[in-house]
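If you read the sequences in order, they're chains A and B. Per the working numbering, residue 222 is the first one in the first sequence, and the count goes up by one each step. Per the working numbering, residue 222 is the first one in the second sequence, and the count goes up by one each step.
Simulated from the structure, these hints should not be mistaken for laboratory data. Hints are supplied without guarantee of correctness; some may be wrong.
Since copy identity is lost for identical chains, a pair holds within one copy or between any two.
Lysine-lysine pairs mimicking DSSO-like chemistry, simulated, CA-CA at most 30 Å apart [what the hints assert, rightly or not]:
no., residue 1, residue 2
1, 313, 356
2, 258, 286
3, 286, 313
Protein chains: 2
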Amino acid sequence: MSEVEAKPRPAEGRGARRRRETRAKLVRAAHSVMARKGIDAATVQEIAEAADVAFGSFYNHFESKEAITEAIIAESIESFGDVLDRIAESVKDPAEVLSASVRYTVGRAAEDETWGWFLVRSGMSMAVFRVGLVKRMARDIRIAIDAGRFSVIDRDATVFAAGGAVLAIVTARLRGEIEEDAPERVAAIVLRMLGLSPEEAREIANRPLPALALIEPGEVSG
Amino acid sequence: MSEVEAKPRPAEGRGARRRRETRAKLVRAAHSVMARKGIDAATVQEIAEAADVAFGSFYNHFESKEAITEAIIAESIESFGDVLDRIAESVKDPAEVLSASVRYTVGRAAEDETWGWFLVRSGMSMAVFRVGLVKRMARDIRIAIDAGRFSVIDRDATVFAAGGAVLAIVTARLRGEIEEDAPERVAAIVLRMLGLSPEEAREIANRPLPALALIEPGEVSG
């Protein structure tokens, strides 16, 4: 299932289906325009044009640019976040949970650059630390700190610092400012920053990844 | 001396002086508009209006919004960067150099929020890692790593990660999302992320700061 389209509802009429399709077109177009130009610089006009939807129709679906931005986060970033939640549930070592989240996030940003740019730009211009991936990463880091797995000086500030570190590496990779860095290397760097020794950081970052195919939604119990 | 105004030149005529003053007004206005709205979202129109300068006159001074952005970085961020250069020259321990830079940067961003927002926004939407403060921080981290002072897994990626960590903490403070964090605490967190023990990180972050009054430009030899 694509992340920006809802499932067809059984009893849906023609009008409702068209409405849903237009909304999905707007979300896809906004995602792409914002990834390219930045969330701040994107205008409703451009989003409507890119979606091939009349300017006025935009407002039948979203109250404002902020509203469609929230929708993108909800539908694109949050749905990936659900993947991270399943990792958090299926992996025991809190350090390995964070490592797997970082690896999946960095890998996804490399595979799908639009998604990567949107992640970076939303991380930078919005309170993304309270939603989406970074919220989950923050949760995972807090759990690991509270379990004594990471030794840090200041929990809350370190959570922001680690989130900023991951976003900065993803940005540098998207811009081609650093050589291709395998997701495992990025995870090891982050674990090192959270107080693990280089050896332990590398070991954890290279453990076999939990196979997401095995923990798709609906496939996992609980 | 204000950071956005050049020194008066001795033989300057009236036209030249007015031209210089208009340019300085545009730079100040752009700095303030971009800090508020973001570099991407600020328009030449708004900058000219905020400076009380005719729209067309903007282009007598700057070719584009990108050109004035470069000028702000050159004049505001780079001039602060000169301060960091003097720290780098006057402090021996490379870990302490980085710590002092972080403390001055975090302190300045808290004292002057416009400057702080501009730092954050420029760090996020431009290749600021190649200019300005983060370029210097990158240099200082590389020197410390090469001197064996920091133990990290990947030098280049860690430089980006540490820069992102500092920017994320500055952003969180500007947004009021974390409690007031003394510059010393932020410096200690960054040193910890670069491989120092919590004890050593705290000790270095709390050493007396080199007094900048004593190393103002022109006051220092060499």
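Hint by hint, here is what the structure shows:
1. In this assembly of identical chains, the alpha carbons of residue 313 and residue 356 lie at most 30 Å apart only when taken from the same copy (19 Å versus 39 Å across copies).
2. Taking the shortest Cα distances, residue 258 and residue 286 sit within 30 Å of each other both inside one copy (14 Å) and across copies (15 Å).
3. For the identical chains of this complex, residue 286 and residue 313 are neighbours neither inside a copy (40 Å) nor across copies (51 Å), given an alpha-carbon limit of 30 Å.
In the structure shown, a violation is registered for the earlier hint numbered 3 alone.
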